[in-house]
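Colleague: Protein chains in written order, with our numbering: chain A, 1 to 319; chain B, 1 to 735; chain C, 1 to 212.
Be careful, since some hints might not be right.
Below, computed lysine to any residue pairings styled on SDA-like, alpha-carbon distance capped at 25 Å [what the hints assert, rightly or not]:
(1) Lys136/C x Glu572/B
(2) Lys136/C x Val25/B
(3) Lys20/B x Val135/C
(4) Lys623/B x Ala129/C
(5) Lys20/B x Pro124/C
(6) Lys528/B x Glu572/B
(7) Lys20/B x Leu127/C
From the derived model, a few chain A residues whose C-beta atoms are all more than 12 Å from chain B [stated by the list, open to error]:
(8) Arg8
(9) His40
(10) Glu41
(11) Arg234
(12) Pro250
Keep in mind the hints are simulated off the structure, nothing from the lab. Ideal Cβ positions, reconstructed from N, Cα and C, are used throughout, including at glycine.
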Amino acid sequence: MKPFAYERVRTPAEAAAAAVRHPGAKFIAGGTNLLDLMKHEIEAPTHLIDVNGLSLDNIEATSEGGLRIGALVRNSDLAADERVRRDYGLLSRALLSGASGQLRNKATTAGNLLQRTRCPYFFDTNQPCNKRTPGSGCSAISGFSRNLAVVGVSDACIATNPSDMAVAMRALDATVETVRPNGATRRLPIVDLHRLPGSTPHIETTLQPGELITAVTLPRPVGGTHVYQKVRDRASYAFALISVGVIVQPDGTGRVAVGGVAHKPWRVASADSAMPSGAQAVTARLFADARPTKENRFKLKLVERTLAAVLAQAKETTR
Amino acid sequence: MKFDKPATTNPIDQLKVVGKSIDRVDGPLKTTGTAPYAYERTDVPGAPVYGYVVGSSIAKGRISSMNLTRARSAPGVLGIVTADSAGPLDKAERNTAKLLGGPEIEHYHQAIALVIATTFEQARAAAQLVRVGYIKAIGSFDLEAGKKSATRPPTLSGEPPDTAVGDFAGAFAAAQVSLDASYATPDHAHAMIEPHASIASWSDGKLTLWTSNQMIDWCASDLSKTLRIPKADVRIISPYIGGGFGGKLFLRTDALLAALGAKAVGRAVKVSLQRPLMFNNTVHRPATIQRIRIGAMRDGTITAIGHESWSGDLPSGGADGAVLQSRRLYAGANRMTATRLTVLDLPEANAMRAPGEATGLMALEIAMDEIAEKLGMDPIEFRIKNDTQVDPENPDRRFTRRSLIQCLRTGAEKFEWTRRNAQPGKTRDGRWLIGHGVAAAFRPSPVINSAARVRLNRAGVVTVETDMTDIGTGSYTIIAQTAAETMGVALEKVIVRLGDSTMPISAGSGGQWGANSSTAGVYAACMKLRDLVTQRLGITGTDTVFADGNVRSGTRIVPLGQAAADQELIAEDTIEFGDLAKVNELSSFGAHFVEVGVDAATAEIRVRRMLAVCAAGRILNPKTARSQVIGGMTMGVGAALMEELVVDKRRGFFVNHDLAGYEVPVHADVPHQDVIFLDETDAFSSPMKAKGVGELGICGVAAAVANAIYNATGVRVREYPITLDKLLDGMPAMA
Amino acid sequence: MEAFDDVELSRRDFLVLGAASAAAAQLPFSTASAIEPAAVSAPVAQVTFRVNGTTRALELDTRTTLLDALREHLHLNGTKKGCDHGQCGACTVIVAGRRINSCLTLAVMHEGDQITTIEGLGTPDKLHAMQAAFVKHDGYQCGYCTPGQICSAVAMLEELKAGVPSHVSGDLMARASLTPSELRERMSGNICRCAAYSNIADAITDVARSSA
């Protein structure tokens, strides 16, 4: 870990100002991903801006009937919030399936959205990785790729986004609120937050340097049955091989987002439309452009089977 | 004390303390975090400084350049140890690869430097500034590809690599029912939670090393050999060990580099191997490819049994003993085993919990299930039909005590085996396909000479000193029980000191020999102390009894401590094993029963019930022995379902080299576990009449899980770990 | 659907592997190695927090994790370093009433915090109920993950009391009780390689029952 100066800030304005003063600075909140990466020197900020004092840890109702979740709300608190449990069960379920009790107590809403891939080649600094060292090559494509992406991939990168929460946020059409170093705020739909790897896998989001997530808002509840099913070898404390998040309405329509298959939470409009037709039709649309490796081709079938079970379960519940 | 005749009645048989489920005597220290592990010693002269290990970034080749300039000038750096600066070093025979590499590189993450700085943070940062150039060489990293160039190793754990009895080929060809199948087991990591860690301090040319090591005397010998200093100048202290499983049997990088580092900077140095280095820097259980052929008559009698195994290791390394149990677990007139070893330039292969049987039974016990099904026999009845009470390769050698049948029968009843549906894929509980599996457990119970010193003071306190280790096995407790029983004192009157090379040399912890051998050594020393006591007290009667803190003879009752009223009494002895365990076959046995659920949609596998029945001679402490067994059962679940060091065959390293990538079971993977110990003693083992149980627990478990998965799904997977992707194609169609 | 199945090794792989024994020097592929500024002394910062009821003021290299502050600076060695990357749970401590991995948080981020470590729960002569239950049920073997398991278990029971749901809770709106599956899911952030899990579960259940 490289030396860094450490600074606490109290307001978004202070945070922005600090970011301007210190190019190469990083914000730190929960720290559960950033510090891990700093120990490997995969991240090497020279300045850390501790944003934990920013009073962004509330969950409040929006005038549109939704929820505004402060960037610093801890994963465990978000999952346990009464309103989230009642109206956005998918989000609670996704959060609770991730990491461990200890990590969820630390990890924040914004940090979870920004966590980086768990590709083992990204973590091993002896190995080529376009995400870590642009232009060095991808070790995973012809290497150990069982856990990696099958869709939205490029010749430069097949990393997955490891977040469970982001899958739920994507299905819920969340909006991300940010503040830029110049003080300007913006709102971007979650679909526009994460990027596909393309030829620049090291650029993972559309956030600009120094831009800080302040909140994530959820639109008014859409009802329906919420199911998040995460599939993994180990029963807990493991990243998803795949995960399926669905909201199914009594008439069979709904939405579906899939985790563990792409560089971002994977949701396809035509797949949503195909929900009444069943798992096979949905999966065909989700993975129309899939490019699996030999090792991770099984994910396509796994998603279809999981989705079939989830839809059957949802039907059972709504009956 | 020589042990060359079966034990007769002795003070241990009183079973006032031995054989009781006593809480661990080190429990209050361990549960309060006050037991000092190697890296945590506060009694080191001078405040230790910090060493950080730099590992090779290539698997095979040479270092062409090493630039230490920037690392040296980094803040807080006190020194850097490399092969260049370390001076001449030898390599101990128990190490295959060098513990400090360079210029030759033998495997990925082989240590090439130790950066020493005042603080941990400084050392870690400076280590990143070491610049190394390499010249890569072509390496072999693929076991399957290496099969054709594999050769017969000179030995297999002291036994011949190949064996043959009768006419295997003829009998197999003529068999009415036969099975010829291949199985694969992957490389496994010990993944103990305490990393390899050491603190080294030099004084007047003598080295003190606080470390985490299972075998104190091996460590002292090998460190002195490697450093080319007299063994008398090396002191090893290792009273608490945060897990070993075979990974801490040997001198490892942390110990050597701490010693070299402390010498280089003239201060005590502490080194903890970083977790991401552990998987490639240290040793692992090697992958195997196994072929098993079994021929049987329609009535289930095995007529031919053959087991071949291929594994790999670095040049001059050894082969996995996967075939060993197949030489003696089941009867069969015609038999063969063969072992081949290929050179792989992966990290060093070595012992991990039940080396040989762990991998061998993963294959053999699936094969037994497969052929039982072909025969239309219950897999338990098939095993029972082929039980043997003699070594089938050498019928003059009898098993001293072999209760496999009782284990199977007891377990079947307790587990309600008869309720199992023998037809695969037919039992369902909601979304779960349910299956049941069984496997035999078998593991030799080696005996190793073991010495101890016991002291008696005037307060009647007995202090035991031996270099035996407690790696979580319960050594402190069973040794205290042994001394309390033999000397006739309360457990509270016994102090046990372990893990110090100034103490008499024990069997150490490995190969499930530790409990029986080390307690036998303590028993021997205590018997000698009893003689000293009676001499001192002038007691000559043959009716002398040591009980309740007193020595009783006739009508005379003397407090034990009185024998030491003037002067502490000290006795030292060694249990020296004759050839009882060579002339006979001394082994422990068991049976594992497993119920799994397989998610009908996702093919996720979860273990629902587990039972082990063990026959391992006298159980010295059922509470700690049970813990050993459930630990083995869980490691077996890991081997069955998730554990695999994934080899990158292009670059020659284990890719998933951390505890997120190398998955071991967590709480949620493990159901309540039942363990039954058969009530038995084995007089051929030692005066303790105990046998090994610590490795028995893992033997056969993975196969029992595999057989249960087959029973649940009808999908037979012969390549571990059995993960959902290997089942998906065979799962029932979704509605 | 175009698949990666037939993708050959990348050009770099080919060069390195093909070059065999020819010189192919390799530098680490780390982001950090691209820029190599002169070595600078690490900034230090002050932090004051309360550990097990005692106020501790430290001046630390900002890089010091809470775990290393406890172990290397305060010599509270009960909190263990198993992986240093949030993958094992051995470093679990209770901060402001919540269990966290002390390896993945900086000490300087804990100004004013109340921290409870295993040493703050009980001593060998006066065991906390959870510590005593671990001894009674043999909920440990090598003992290295044990302080983390115990701290985690103590905080986990509080989470349950507070109504925090878990991955295995059937009904998100219902209050979860300490069923075997709830216990195991909630404790899964603490790995025990000796695998005392079955006994740990018994120990925790014992404590939960007697305090209920």
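Colleague: For this structure, which hints from the list above don't hold up?
Modeller: The structure conflicts with hints 1, 9, 10 and 11, although it agrees with all the remaining ones.
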